[in-house]
Amino acid sequence: MMWLTADESEALRLSLSIAARSVAFNLPAAILIAWLLTRVRFVGRTLLDAVVHLPLVLPPVVVGYILLLLFGTRGFIGSWLQRAFGIELLFTSNGAALATAVMSFPLMVRAMRISLENVDRGLEDAARTLGARAADRFATITLPLMLPGITAGVITAFSAALGEFGAVITFVSNIPGQTRTLPLALYTALQSPGGEHAAARLAGLSLGLGLGGLLLSEWFSRRVRRMLGR
Amino acid sequence: MLAVAAAKKRGPFALDVRFDLPTPGVAALFGRSGSGKSMVVNTIAGLLKPDVGRIVLDGSVLLDTQLKIDVAPEHRRMGYVFQDARLFPHLSVAGNLRYAERRAAGSAYVSLDTVTGLLDLGALMDRRTHQLSGGERQRVAIGRALLTQPRLLLLDEPLAALDGARREEVLPYLESLRDQLSIPMVYVTHDYEEVLRLATHLVLMESGVVIARGGLAKMSLEPHLRSLIGPDQVGAIIDGVVLGFDSASGLTKVRVGRNGDLFVQSKDLAVGTPLRVQLLARDVIVSTQIPERLSVRNCLAGRVTGVQDDDLGSDLITIDIGGAAILARITKAATRELSLTPQMNVWALVKSVSLRGHSFAVPTAAPTSAASPDA
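Residue numbers (this note's numbering), protein chains in the order written: chain A, 1 to 230; chain B, 1 to 375.
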């Protein structure tokens, strides 16, 4: 993009890519967890609910720190990932995507849950009497009826992911081209002398992205609602 | 035959039903709301698990809690028409129908074309479900249920959400369904008019139990039914056969019982057509002599078989007219004056204008003698 500097377009590209990866990773997991929380009665449901929502109430720095303990080079998941698959999370964009995913996960689960609760169980029963088995019912009835909530959830989580700061900088630091997303670039600009102009440009960029996301979300949900006849 | 035995406790409500019904045939589950009718249908469909129960349809066991058999709803091959239609909002009418068609198991005896023709769905195919009227929604729902090639069609108050005119829009379709496809149906309703139009059998429910059941003609005399339908609806239902049509008077001659002839107002029907006639008890006049020079068109010779107090200060007289029974409501004073007692020969008089006939095809398949002695 011609009207962006190289650093700016790199931060933008990184932000979009990290947010997209985190959403893609979160989507199936959020649907699964939402399903467990709304449809299945099991021991520890309340605890799972609380754990899922933790990132919403914890300081992001604490989440970053916990990720560091678990996924760092000496963390027991991090070291296993490295040994088994050669996946390096620390100081990489994959790590930034992970931190972003964890932070936006509760938003996603909440959206999925609400949309799942709005699905008329009677329609699933009807599908059942028409001969549809469980997986069939989920794919052909439940999921399409969840679509408004899924779209809303994806767009909200994506927008929130673009702005994730604390957990990212704590877990994977602030590395240009790897983890320096828009908010981190903005923070860097503010820290450096004479960076006010760059900071203002980055802030404007974030503003535009946020507004665009919200408008897109509204347009999408209207379309989907019309499709479902609501 | 459909045999149902099910018991389930749900809070203070206890369902405990046991009945069997001949197939094909249309059995109406009739009772006040809250009597457990829908629970019975949901149990038959498999959507509700009874604590104890056994359900057998034409020899195949769908549920037996003792033998731990419980066929999943998706494998029971029951067509289910819900009160609220439950069409899939993300699919078109055609999409809804194809959803059922694609998942149908067993031999296909109802084609998409048949269903479309029978229910007049052709013009609706491309519509979204929210663009349909209440009556249209139910027609699509019925079509969708049929396309599963069901062994039994369950209808849970399919017309309850519709107003009178819309109801009249759907009823004829249900009648032609019964007459042309001979799919056995279990039909839940609290509307006696629907029973009259559709049912061959009646199961009366109250507070979770079956209080009476049997063929409709016999059940129309049933004391338990009276409290459910109110005094004005009480009256014998007789299945007769059209003998001829008198175009001059516009009356159809119907043979009821062995030798009774009734003149009924109805459209021109072919000789031999089964016609169901309801004779309301309040419209029947009883005479102990052969009446002469009266305007009444219908005069049936019969014999009194019962005199019962109807709990409303009058008497219900049961009169046998050559194998068919009719009810007459008369004042106690009249009973005394005519000294009506069983075995007396009487004449029953009914005005033709108060008679309604419903054409009715008797189910074609297997005779129902073994299943139901009272059929």
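Since the hints were derived computationally from the structure, they do not count as laboratory data.
Computed from a predicted structure; not experimentally measured.
Glycine included, each C-beta is placed from N, C-alpha and C at the ideal position.
Treat each hint with caution, since some may be false.
Unchecked claim - A short list of chain B residues far from chain A (calculated; beta carbon distances all over 10 Å):
no., residue
1, V52
2, E74
3, R86
4, H90
5, G134
6, Q289
7, A333
Unchecked claim - Derived pair list, reagent style EDC-like, types lysine to aspartate or glutamate, alpha-carbon separation capped at 20 Å:
no., chain 1, residue 1, chain 2, residue 2
8, B, K49, B, D64
9, B, K218, B, D320
10, B, K351, B, E222
11, B, K49, A, D125
12, B, K218, B, D310
13, B, K49, A, E124
The hints, checked one at a time:
1. V52: 23 Å, holds
2. E74: Given a closest Cβ separation of 5 Å, the condition is violated.
3. R86: 4 Å, violated
4. H90: Given a closest Cβ separation of 5 Å, the condition is violated.
5. G134: The claim stands: G134(B) keeps its Cβ more than 10 Å from every Cβ of chain A (closest is about 15 Å).
6. Q289: 59 Å, holds
7. A333: 55 Å, holds
8. K49(B) / D64(B): Holds - the C-alpha atoms of D64(B) and K49(B) are around 11 Å apart, at most 20 Å.
9. K218(B) / D320(B): It holds: about 12 Å lies between the C-alpha atoms, which stays within 20 Å.
10. K351(B) / E222(B): With a Cα-Cα distance of about 24 Å, the restraint between K351(B) and E222(B) is violated, given a limit of 20 Å.
11. K49(B) / D125(A): 14 Å, holds
12. K218(B) / D310(B): 17 Å, holds
13. K49(B) / E124(A): 17 Å, holds
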